[in-house]
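One line per chain: the protein sequences are D and Z, in this order.
Per the numbering used here: the first sequence ends with 288, consecutive numbering throughout.
Per the numbering used here: the second sequence ends with 242, consecutive numbering throughout.
By construction, these hints were calculated from the structure, which means they are not laboratory data.
Each hint should be verified, as a subset may be incorrect.
The calculated lysine-lysine pairs, modelled on DSSO-like cross-linking and capped at a C-alpha distance of 30 Å, are [said to hold, decoys possible]:
| no. | chain 1 | residue 1 | chain 2 | residue 2 |
| --- | --- | --- | --- | --- |
| 1 | Z | Lys-118 | Z | Lys-135 |
| 2 | D | Lys-33 | Z | Lys-135 |
| 3 | D | Lys-163 | Z | Lys-118 |
| 4 | Z | Lys-177 | Z | Lys-135 |
| 5 | Z | Lys-131 | D | Lys-163 |
| 6 | Z | Lys-177 | Z | Lys-131 |
| 7 | D | Lys-163 | Z | Lys-227 |
| 8 | Z | Lys-117 | Z | Lys-216 |
| 9 | Z | Lys-177 | Z | Lys-114 |
| 10 | Z | Lys-227 | Z | Lys-216 |
| 11 | D | Lys-90 | Z | Lys-182 |
| 12 | Z | Lys-12 | D | Lys-90 |
| 13 | Z | Lys-160 | Z | Lys-174 |
| 14 | Z | Lys-227 | Z | Lys-177 |
| 15 | D | Lys-163 | D | Lys-55 |
| 16 | Z | Lys-114 | D | Lys-163 |
| 17 | Z | Lys-182 | D | Lys-91 |
| 18 | Z | Lys-177 | D | Lys-163 |
| 19 | Z | Lys-133 | Z | Lys-174 |
| 20 | Z | Lys-133 | Z | Lys-160 |
| 21 | Z | Lys-174 | Z | Lys-114 |
| 22 | D | Lys-91 | Z | Lys-118 |
| 23 | D | Lys-163 | Z | Lys-135 |
To spell it out: a stretch of chain Z is covered by chain D in this simulated footprint if at least three of its residues, at any positions, have a beta carbon under 8 Å from a beta carbon of chain D; those stretches are [claimed, not checked]:
| no. | stretch |
| --- | --- |
| 24 | 119–130 |
| 25 | 165–175 |
The beta carbon of each residue, even a glycine, is placed where N, CA and C say it ideally should be.
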Amino acid sequence: MDIIPQIIANSIIAGSVYTLIAVSFNLIYGATKFFNITHGVMTAIGAYAVFFFGKQMGLSVWVAVLIGVLIAGMIGWLLDRFIYRPLREKKASQLALLVASLGAFTVLQALIAIIFTSRFQTLTHGVGVQKTFEIAGGIITQTQVLIVIAALVVTAGLMFFLKCTRFGKAVRAVSDDNEVSKIIGINTDRIIGIIFFIGSAIAGLAGILVGFDTAIEPTMGLVLLLKGVIAAIVGGIGSIYGGAIGALLLGFVENFGIIKIASEWKDAIAFGLLILFLIFRPRGIVRT
Amino acid sequence: MNTDKEKLLQLKGVSVQYGGVHALDTVSVSLDEGEVVALMGPNGAGKSTILKAIFGLAPLHTGRVLWYERPFTPVPHEVVRNGIAFVPQGRRVFTTLSVEENLEIGGYGIRDEKELKKRIESVMDMFPALKQKRKTLSGTLSGGQQQMLAIARGLMIDPKVLLLDEPSLGLAPKVVKEVFKKIAEINKNRKTAIMIVEHNIQSLLSVAHRGYVLDKGRIVAEDEAEKLTSSGILERVFTGRL
Ligand SMILES: Nc1ncnc2c1ncn2[C@@H]1O[C@H](COP(=O)(O)OP(=O)(O)OP(=O)(O)O)[C@@H](O)[C@H]1O
Ligand SMILES: [Mg+2]
């Protein structure tokens, strides 16, 4: 059997997960110009909310997912409202924001571990085999189909929203020039708050989907953040479209890179790609 | 002049400090209905800070801002609701938005879609060069076109007051002339009161009624525009022989 179709399928699935992280990271980065590390832990927050409400409380899967996404969004909004926004108002340096964000990441991750232990958990009951599909010789599970659909819908949705809606245009204005946006009458803090909500909710969704696909653990956010950020930088920092392209490229490079070598090399390959871009095309594929 | 008219906008005894630097030191300026007032002075005199103070973008150490003789605490994104438009120094159009989108966002407070469209068309009619570039990314416009767009964006709210910070900066003489023609037109046709910061004294005198001369954060002269030029104060301030 030819392995290429399966590798392509795996590339697209990985690329889709990275897409969700990268585009939401870029959405927030665009509006704030700040490297939001806490973004990673939103994946774990979403996943553990589903674990709690779905598996432990026994709510239906869809309700639990909805709650998980909303909780991630809400916590993102709260972090901005009570940590990042006061820092912005005090004209804190980028470094201060970065450290605050790292601190919030660590605290939230620790809280999850304290409440739910550090053990691996699954979001589904038992080890029930998922429904699978075969597409052009590649096997893909039901959850993985959802991951790909989610990535497509989120990316297209965000692009439409930014391009065509009044609110989206205001977001682009704020990303372009915060001060002039204020002068024109845009409540930039409110816009940034909403952006944090949307971006964090998307990251939460990514964590939930990964949880259904494999398993969850409190530290799951770190690897996802790193991959998402690599994709964001490779594609073009701050750009939705760029984030998605970078994520897909990363998915393919990682999965094709390990055809002949051990899969432990995946992360090294990802960082190799990042370094190549930082040297030869630092503004990313779409050149932001 | 214009003492019978109601004072639209005033700064009274305003001081602004950045660290130890006195950007403004108990400065008072005013703008009447329909008036064009010039703010002149060398680099770092505090001209931009006056305009920023009106928008709450500079921290007031002392003093007040008054709108129709009533004090108000300027919150940057709310000042525009009074009908005050600010075109800041350095053009600062939204470079990643198209010309049309810049205007659209300039009318951010206008809820009625039809009204918004109407305003865009009426502003475009004033600036035919922009009309042709409607879908163009404004980052790719020429300096003069960007300045026109920045002014046009300010006009989207149909302002009572327009604050202009060095609209001629970095533009070719011919373009400067065009910009000032537009500014005079705006004042004449729309009765918009204008407070304008400008280095280009020649162009300024063609439009300004009254002027203030600033130096090191203080107002050193205030008079009708022609009198300011004939007094020789400008030369003295700009050559540092005050
Ligand atoms: N954000 C700031 N932080 C610190 N100092 C500032 C800030 N903004 C202005 N200043 C200082 O305040 C003083 C007045 O600045 P302002 O920009 O108002 O001058 P200006 O008259 O507009 O000059 P120019 O003609 O160069 O635009 C200057 O000494 C400037 O360095
Ligand atoms: Mg200035």
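Do the hints match the structure? See the list:
no.: 1; hint: Lys-118(Z) x Lys-135(Z); verdict: holds (17 Å)
no.: 2; hint: Lys-33(D) x Lys-135(Z); verdict: holds (26 Å)
no.: 3; hint: Lys-163(D) x Lys-118(Z); verdict: holds (21 Å)
no.: 4; hint: Lys-177(Z) x Lys-135(Z); verdict: holds (26 Å)
no.: 5; hint: Lys-131(Z) x Lys-163(D); verdict: holds (20 Å)
no.: 6; hint: Lys-177(Z) x Lys-131(Z); verdict: holds (20 Å)
no.: 7; hint: Lys-163(D) x Lys-227(Z); verdict: violated (51 Å)
no.: 8; hint: Lys-117(Z) x Lys-216(Z); verdict: violated (44 Å)
no.: 9; hint: Lys-177(Z) x Lys-114(Z); verdict: violated (34 Å)
no.: 10; hint: Lys-227(Z) x Lys-216(Z); verdict: holds (22 Å)
no.: 11; hint: Lys-90(D) x Lys-182(Z); verdict: violated (39 Å)
no.: 12; hint: Lys-12(Z) x Lys-90(D); verdict: holds (26 Å)
no.: 13; hint: Lys-160(Z) x Lys-174(Z); verdict: holds (28 Å)
no.: 14; hint: Lys-227(Z) x Lys-177(Z); verdict: holds (22 Å)
no.: 15; hint: Lys-163(D) x Lys-55(D); verdict: violated (39 Å)
no.: 16; hint: Lys-114(Z) x Lys-163(D); verdict: holds (19 Å)
no.: 17; hint: Lys-182(Z) x Lys-91(D); verdict: violated (37 Å)
no.: 18; hint: Lys-177(Z) x Lys-163(D); verdict: violated (36 Å)
no.: 19; hint: Lys-133(Z) x Lys-174(Z); verdict: holds (20 Å)
no.: 20; hint: Lys-133(Z) x Lys-160(Z); verdict: holds (27 Å)
no.: 21; hint: Lys-174(Z) x Lys-114(Z); verdict: violated (36 Å)
no.: 22; hint: Lys-91(D) x Lys-118(Z); verdict: violated (39 Å)
no.: 23; hint: Lys-163(D) x Lys-135(Z); verdict: holds (13 Å)
no.: 24; hint: 119–130; verdict: violated (count 0)
no.: 25; hint: 165–175; verdict: violated (count 0)
Of the numbered hints stated above, those contradicted by the structure are hints 7, 8, 9, 11, 15, 17, 18, 21, 22, 24, 25, listed in ascending order.
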